[in-house]
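**Student:** Listed below, chain by chain, are the residues.
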Amino acid sequence: MTSDLVYHVAGAGLLAIALWRLATCRDTLRRITALNVLAIGIAMVLLASGHDPATGVTNPVPQAFVLTGIVVLVAVTAALLALAERLEGSSDE
Amino acid sequence: MIAFDLALAAGILLCAVSALTRRDRTASVAAFMVLGLLVALSWVRLAAPDVALAEAAIGAGLTGALFLRAARRLGPLRPAAGRTLAVPAALVASGLGGGLAWVFASASPPAIYAPLVAASLPESGVSNPVTAVLLNFRAWDTLLEIAVLVVALLVANLLGSRRLVPVSLGEMTLPFARIVAPISILLAGHLLWQGSSAPGGAFQAGAVLAGGLLALVLAGLAPTGTLVVRGALIAGLSGLAVFLIAALGSEALTGSLLGYPNRAEKVWIVAIEAALTLSIAATLCLLFTGFEKRKTS
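Residue numbers (our numbering), protein chains in the order written: chain W, 1 to 93; chain L, 1 to 297.
Hints in this document: simulated from the structure, not taken from any laboratory.
Incorrect hints may appear among the rest.
[Unchecked claim] Chain L regions said to be covered by chain W (calculated; three or more residues, Cβ under 8 Å):
id: 1; segment: 67-75
id: 2; segment: 91-103
[Claimed, not checked] Some, not all, of what chain W presents toward chain L, calculated at C-beta under 8 Å:
id: 3; residue: Ala23
id: 4; residue: Leu29
id: 5; residue: Leu81
Note that the structure is a prediction, hence the values are computed from the model and not measured.
We put the CB at the ideal spot given by N, CA and C, even for glycine.
Use the sequences and the hints to build the structure in full.
**Tutor:** Encoded structure:
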């Protein structure tokens, strides 16, 4: 068993947990957290599949994808949280 | 090292379960932040230090701060109403996860891109392959990514997200902010400059700078006038403007969009990255602090 396989399985595990919570949870903040965990899982699977254990080098193209994904995700999270806060504020009044 | 990898993977999965099942919001966000840091560690193990830096600064740090702010504003978790299809959802999710793990683990790694990037690296003007991909070979993607940041900033502005009012944190915050803010500026400059040859770059530098700014805001040291917020908004939008001007300029000079002139690639890349660093820092800071002053009710 190689260490790459460990991270493949961990990434897929994160993905499964996040999908399960996305499907079963009604709380907005928890769903946004699940979306973030889902993105981390996908990033981990991508990076693990780009890693070459023979040379120890990781393919720079998936690295750039994941880096882009992290920045886009924080922007999406901030916009979603602003929407969630707005929704919460309007349901209280 | 396999024992370390196994322990790390177990820790990551435990943190994810904890972040998504704890009923206490603060505990859930804390677990999410620990998850981000452990994931960053695992990406160092996967030889991706650029991504690990970004995950630690943005994924764990800033996203965690955003979640804490939202947790405070949204109030405690409400009990779930109605019946959910927990068992079928768990079956489908674990099936998808297992299938994906099997497909990715059994597929051979694509052998096209890495040699291509390595072969064209001398032409890119920088020696860090990730920076070369981000700002030269696939600069289009990065341009659109900055456009996404601008859209998020505009959405938050249009929604009138409430301005954060920092609570006085006590005696130690002032010296802490005085030490952290200058160090974050130095660190951001260092990350920006070394991004062309070693792990680092505009996103990591911008996130670190935003962290320093937030330390100032939370210590109550940052000016909060309307003019300052407008200035920060303009700084946030300027990254996309500079990137677009650079794209049009390179089109005029070389005839290809974002195809930098020969032997001046590094100057172009570092100039664009410097503008992006300031813009990303201002954007992330504004997304956290909000725009409108709290209405007195």
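**Student:** For each hint given before, does the structure comply? Return the numbers of the non-compliant ones in rising order.
**Tutor:** Nothing - there is no hint that the structure violates, so all of them hold.
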